[in-house]
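Read top to bottom, the protein sequences are chains W and B.
In our numbering, each residue's number is its place in the first sequence (first place is 1) plus 180.
In our numbering, each residue's number is its place in the second sequence (first place is 1) plus 180.
Keep in mind that a hint or two might mislead.
[As the list claims (entries may be wrong)] Using 20 Å as the maximum straight-line C-alpha spacing, the simulated EDC-like pairs for lysine to aspartate or glutamate come out as follows:
#, chain 1, residue 1, chain 2, residue 2
1, B, 801, W, 469
2, W, 332, W, 469
3, W, 802, B, 384
[Said to hold, decoys possible] Taking CB as the label site, the calculated pair distances span:
#, chain 1, residue 1, chain 2, residue 2, range
4, B, 287, W, 802, 25 to 33 Å
5, W, 1001, B, 778, 48 to 56 Å
6, W, 256, B, 802, 27 to 35 Å
7, W, 789, B, 488, 29 to 37 Å
8, B, 701, W, 985, 51 to 59 Å
The hints are simulated quantities; they were obtained by calculation from the structure and are not laboratory data.
Only a predicted model underlies this, so the values are computations on that prediction, with no experimental measurement involved.
We put the CB at the ideal spot given by N, CA and C, even for glycine.
Protein chains: 2
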Amino acid sequence: MAAARKAAPGALRWTQLFEEGDASMRELLGGKGAGLAEMCRVGLPVPPGFTINTKACVEYMRTGRKIPAGLLDEVEARMRALEEKVGKRFGDPANPLLVSVRSGALFSMPGMMDTVLNLGLNDRTLDGLIRLTGNERFARDAYRRLIQMFGKTVLGIPGEKFEHIIQRAKARKRVVEDTALDADDLRGIVDAFRRLVKSERGTEFPQDPREQLRMAILAVFNSWQGKRAVDYRNFHGISHDLGTAVNVQVMVFGNMGSDSGTGVAFTRNPATGERGMFGEYLMNAQGEDVVAGIRNPKPIAELAKDLPKAYDEFLGVCEMLERHYREVQDLEFTIERGRLWMLQTRSGKRTAQAAVKIAVDMAREGLISKEEALLRVEPGQIDMLLHPRFDPRAKEAASAAGRFMARGLNASPGAAVGLAVFDADTAEAWGKAGKPVILVRPETNPDDVHGMLNAKGILTSRGGATSHAAVVARGLGLPCVAGCEALRVDVEALRLSVDGRTVRQGEYISIDGGTGEVFSGELPAIEPRLEDQAELIELLSWADKARRLGVWANADYPRDAVRARIFGAEGIGLCRTEHMFFEEDRLPMVRQMILNAGEAQALLDRSRAAERAAAERPEDKKLKAEVRAAGQALRASQAVRLYQAALSKLLRLQRKDFEGLFRAMDGLPVIVRLIDPPLHEFLPSHDSLLEETSALRARIEALEGVRRWRPGKGQLSLGALRAEMRRKEAQLRAVDAMREANPMLGLRGIRLGLTYPAIIAMQVRAIMEAACRVTKRGVVAVPEIMIPLVSHVNELRETHRELVEVVRDVLDHECVKVAYKFGTMIELPRACFVAGEIAQHAEFFSFGTNDLTQTIFGISRDDAEGKFLLQFVEKGILPKNPFQTIDRPGVGEAMKMAVSGGRTQRPGLEIGICGEHGGDPESIEFCHSLGLNYVSCSPYRVPVARLAAAQAALRERMKAARDV
Amino acid sequence: MAAARKAAPGALRWTQLFEEGDASMRELLGGKGAGLAEMCRVGLPVPPGFTINTKACVEYMRTGRKIPAGLLDEVEARMRALEEKVGKRFGDPANPLLVSVRSGALFSMPGMMDTVLNLGLNDRTLDGLIRLTGNERFARDAYRRLIQMFGKTVLGIPGEKFEHIIQRAKARKRVVEDTALDADDLRGIVDAFRRLVKSERGTEFPQDPREQLRMAILAVFNSWQGKRAVDYRNFHGISHDLGTAVNVQVMVFGNMGSDSGTGVAFTRNPATGERGMFGEYLMNAQGEDVVAGIRNPKPIAELAKDLPKAYDEFLGVCEMLERHYREVQDLEFTIERGRLWMLQTRSGKRTAQAAVKIAVDMAREGLISKEEALLRVEPGQIDMLLHPRFDPRAKEAASAAGRFMARGLNASPGAAVGLAVFDADTAEAWGKAGKPVILVRPETNPDDVHGMLNAKGILTSRGGATSHAAVVARGLGLPCVAGCEALRVDVEALRLSVDGRTVRQGEYISIDGGTGEVFSGELPAIEPRLEDQAELIELLSWADKARRLGVWANADYPRDAVRARIFGAEGIGLCRTEHMFFEEDRLPMVRQMILNAGEAQALLDRSRAAERAAAERPEDKKLKAEVRAAGQALRASQAVRLYQAALSKLLRLQRKDFEGLFRAMDGLPVIVRLIDPPLHEFLPSHDSLLEETSALRARIEALEGVRRWRPGKGQLSLGALRAEMRRKEAQLRAVDAMREANPMLGLRGIRLGLTYPAIIAMQVRAIMEAACRVTKRGVVAVPEIMIPLVSHVNELRETHRELVEVVRDVLDHECVKVAYKFGTMIELPRACFVAGEIAQHAEFFSFGTNDLTQTIFGISRDDAEGKFLLQFVEKGILPKNPFQTIDRPGVGEAMKMAVSGGRTQRPGLEIGICGEHGGDPESIEFCHSLGLNYVSCSPYRVPVARLAAAQAALRERMKAARDV
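From just these sequences and the hints, can you work out the full model?
Okay, here's the thing in structure tokens:
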């Protein structure tokens, strides 16, 4: 039957009558067309019509806006079919057929041409319509509507020009409502409209109905490439190649008197998800009157009084369609002289909250299965349910009050309100004193972390989505708006300003990290908790049963770990130890360690090499002498003393950090990554040192040239200035020696470990000592030690060998059994190529897809996002931002190689992902398909990932079932 | 027969008698062992002996220096066989057998333990030897030699301590020559030696012959892992896993009187390659006496007088062995009481010049085929024949005179002598005045290119192998020593100094870019020309017939192209257009272009977008108005004016550049790469601007604080200082806006082209206009336009579409037919993954293996080479420097994917390589195996590549033949 229906229009390429389609043909017919076809199919009252399919639009675009061959002939044939069905003729003055034209893409989107009604009317058919209906006012109003809609949407004349004409007419007549205009008034308005069209476009409003229809159809096609539609598709990642369908349908009229009306309704409340029909209607009106808001529509329930029969019938249709589609429906209907006509049915859009409630309710009602319920909720919606957010009405009000300041990068989601503070020390002080603080900086660096830890949110005017501020904020779950370049942040004057609006230190500011918006003053925020969201908890519990992929969290601090566990994390997939180094009280030690590392490590290496050589040839006196000499040099060196002192202080602090993490994750694995960033990141910035030394030098030179200059009060003497300059110059030299042209590709990760083995040995000692200590107190510690940035197997083999010694030493000493693993990040292309070799020395892999994307594309995210990357995405040069969603043809293929190589060498190898992609639903689906063991993401994204992982598993199962 | 010989020792794992082996067993027996075995096999007189094979050494190392099970038993059995052969017994006081122990790895290398002679002597067998030979002096001298060699090489006692004892004895006796010492003296020396051993090592010199033998064997094994041997293998890329063999051989004595002697000889002259035996000998001496140089050896021809019979026999052996091996032999022989014994034969090492001459001569003589001749010359040797070089003796003399200053990076080969000059302007002025100049800078940047163009060589104290200086120098074929950190370059004081030695501006300096050495003063240099080297030209003509791979050259300037053609290049594989930008007279234009590009391009884009939109909807008045407005903004903008003025000036200049290239390469393809480096590379440096502005600000502030300060003579007023500061600050802002954290992964290559399309459109216009113009003058121009840094096919599609328009426009306008191609560099991992897609829009591929290596390893070469990369290579963490030789498991696999993807999409796709690997023989072999069409390298490496390509083809053919 279905096959026969689909086969029928075989001869016609570009069009289908409604009765020739069904709900499954959404891609071809668009959402609206498929809905009309399906309603037709199940016998609901739908005005006859046909759909010009999306292929026609694609062909039109492909050929540079040429009308596809045969399309107009097909339209003509379809129009004749409609004429036969309703016994009227298009353009026939005696008995005119009127039609509407509506766009209907696969996904509805703003900016697409919406609707033109009453096509077929012209000066001559107007008379026929008057005669036929005996209602001149109705007919002239229909003509007025046609010219207005056509002029605006097809001819592109600003809508307010038409509105002005109507306003003037009403003003002349001193009435308020359109309904108060009579046939004569409308005749005048029509004339004025036609003059407007002439003057705006230089041609007459087309009188030929076929020309009207042709132009309307092409206007729909063209609107597919309109700027707003393109922007929308870019933003939502919708392909530009889909095209839109066009629906041509016989008109029915809700404005034919008091037994007529029109309305829209949802089968459940789209804001809350509560059960029961929800909608509104207008009597004696056409559809656009409801939308336009000129008259106040009534709640749908009142239709029961106005037109009980039609209401009952509509109720039945609603129930029937919700059951038929097993989904909340968004319906449009018209009642013409007591008779109900359905004009649209589609899935109802809903808020995140409603989506969860509806899905869970429907599953409980037995309408859908739990699996279907899981597939009904967008993972991204869950994210919104867990971050504090601003009340949208409060935002609108604030904007109206001129408090909107600017929009930056939505770097870390959530809403935050606090007092603007312009330096980290103040932020820390105020935060500890219990004041809510937003830290505002041009950009942040490691020196600011103590301030960030005590802030409610971060706002920067520079830097991209992986700037220090953004990364730390996401790690901390702090809302962050980054790179808000419109703002001038003046840290000297303690204020930020844009377009004359200024916020001073201590004044309130509100930032929305989910949208990037910045407001002055306080905005009321809603702080949802997972514990309060019963339906969400239930849905996630179903997700946990459905998914195969584990969900772990990235957490650097015990409190993040606690939050992650509440959100359902099954392990820590990434603890970045260097974030512990960045804390203010530790930085001096870290710097002491770094500045002495080179000299100290050379002496340590020398001593070790001598001892080894001597052990091999114990009879060799020269070697013995070298052992003694090396030992003396070691003991005599201040660098070694400072280096080792710093290391042992850091050992104690890191051990405490890890103890906290192991306690929080009791029984669950904790992957600790050894130090990764280049060491100069921990040192004062090159630029500020260069500025300082240059300034000091110039100052000294200038003052030397002045005779008998003596320092004033509070000024330094020349001698003191010179000493200060020498000190700064020494610092600058140290920083310069470590400076790199491309630090991302420099002395980092395992390369650092191989160059300064004592640092990572200290870290491993801290991890294992912490594990032993908590084990003795009954906690189950499951440490997994992760070595970053491996490109060659030898790097890993060498490092692994050294570190295993440290682990054994600790375990022997502490006499405790602790299960541990060594593994590596896979974050360089070469590691993917030689994953098999690497797996010989790694008990687990964790994909660092951020770096992997950077190296596979050869794009530095920090440099690119602000400069060209997002522009390329916007222009369609890159289909997506590869830093948000894994690029499958490139990065994805490399990952596939690595999984296959790794598991061939070591069957059952544990493989996860800890890059930011681990929280992106589309990437999670890909990770599932790769057969990874888990994804690891920031704690707040754990629920999102649980749902996305479940959906991936379900879709895979569905596909397997289909393939069978 | 051979099989039987090889099968015989099956039972014994670790040893072979000489007669059980042959020349093919080099891997197992080492070079020396295989040579001895082969001489045995062909019936030459070789003292009996056996070889402990390399497997034994490998096993010894593998087990952490445990003697392989069964080895000592085998040695015992083999010794018994020797005893039977010669009728003496090891350790038998009555008739003692003496043996020598020599190392013998597959490749001979310095640092390996060399030789211990006379093992088997002790206090008791000494007496036997005295009785047996009736020559007490000879016997005591043999004992003396044993203890001396054993003490030095096995026990590690410094050789000079033994020498001192001999010197003292000679002094006491007031004689000069060792031969003047009699048996009594030697007895005293032996006693002194034994006391020395006791005091140095705490134990007696071992009296047990078996213990002597065991210790000597292990000493050979251990020397495999000695520092010098390891360093040597690292440097020469020899695997550390090969192990060494040990040869134990019955002693023969060249010091048994006036009918005895010993010598070494080559079958042809190893320095010049001339025909005829070349060598020297000593009568009544042991081998080490020849090497030690205590007595002056005589030319080998004189042996005809001393021992005519032995000489004739030796001549015969020489001829026989050269014919047998079909290769120049390096021989050692001893004549014991008139009887000739052969102790070694191996391929003779030779200079580059000799290698070429010998190979060509032997092929002409019919001794070897042309193919073999090609395989006999190391491609690297050819490189040495074409670069100017210093006479090694002159170097030695200069070093002895204290003129050696330091050693830096050998960044670009060749010898250069000139006057030290410390800035580019002076270098240009002096150079143009005909003075030879060496430009000495801390580092170079684009501002220095005009100076480099007029210099004979470049010396920098900072920067690695891809620093600006190194890259430009290699491109220009200029010798360059880079990153010579020991030197202090003081550009203010116009001098460079190290350890108290100073060279001032205008004084001579000599640099060797092939070794990195720097000398003060003038060193005589030899400047070879290809045209003068007939044998080399002949060899290369044979190579051209043998090779399948094309050899092209990288050349940015017409004169490079001319040189490349002389050297045999068949095309230009890479012309870097940006190098043309770097010339001093163009930099101002380039900067004008860059500083206005952002604003101008935005206005150009707006205007273009408006025109396109209006063309689509000609009826739309709003769009027409926008076209007008955009056009006005365009015309009104100063940025656009400056931008376009700069572009059209550059267009004219670049056109001229390209005309020169096309003329030089008449008929051959010229691949021009569109601009690649980030634009900020052309701007003044951030650091210097920051220093200047900071200094100015500090100066102003300091002087503002001084009451009634007035500028002195030549000083700027405060107002002038402030104006200067504002100017510099504006420059700094412009540079800062373009600054990138990781410029290598930033706005470069095609990304630049997509962001500023007018720049690459200008370049393509210049290329095609140049091609048209020279075509009209009868030159055959074959332009291939190359787009760099593609990662996504859409980038290329978009750019290609735009540029093809430009090409068509030029061709239409000029009315000339020019064959052209568009292609892309494959230099990012992603491009390798999606090479098939990319090939849809590329008519050729060129591998940029430098960037590909950087991204696949995640290593920035500039940062890494100086800091950790070479260290990792030295430690064996990386098997080779991947920037010198293509890393096959990573980069190579990616290339393989790209070749296969590209040729699947576009069969016969032209693929080449233009990275620096294109001149590396091992990488060339790999490129051959990948089926590339050509390699492109710097002009001087073209002959090297021709030979390497031929060798690759020959080896492949040989392998195929073997496989059949």
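Do the hints match the structure? See the list:
This hinted pair does not check out: residue 801/B and residue 469/W have alpha carbons roughly 29 Å apart, beyond 20 Å. Distance hint between residue 332/W and residue 469/W is fulfilled; the C-alpha atoms sit about 16 Å from each other, no more than 20 Å. Of the supplied pair hints, the one linking residue 802/W and residue 384/B holds, its CA atoms being roughly 18 Å apart against a limit of 20 Å. Range check, residue 287/B to residue 802/W: about 28 Å between beta-carbon atoms, so the 25 to 33 Å window is met.
Roughly 50 Å separates the CB atoms of residue 1001/W and residue 778/B, a value that falls within the hinted 48 to 56 Å. In this structure the supplied range 27 to 35 Å holds for residue 256/W paired with residue 802/B, their Cβ-Cβ distance being about 33 Å. One distance hint, 29 to 37 Å for the beta-carbon pair residue 789/W and residue 488/B, is violated here, with the actual separation near 56 Å. Between residue 701/B and residue 985/W the beta carbon distance is about 53 Å. The supplied range of 51 to 59 Å therefore holds.
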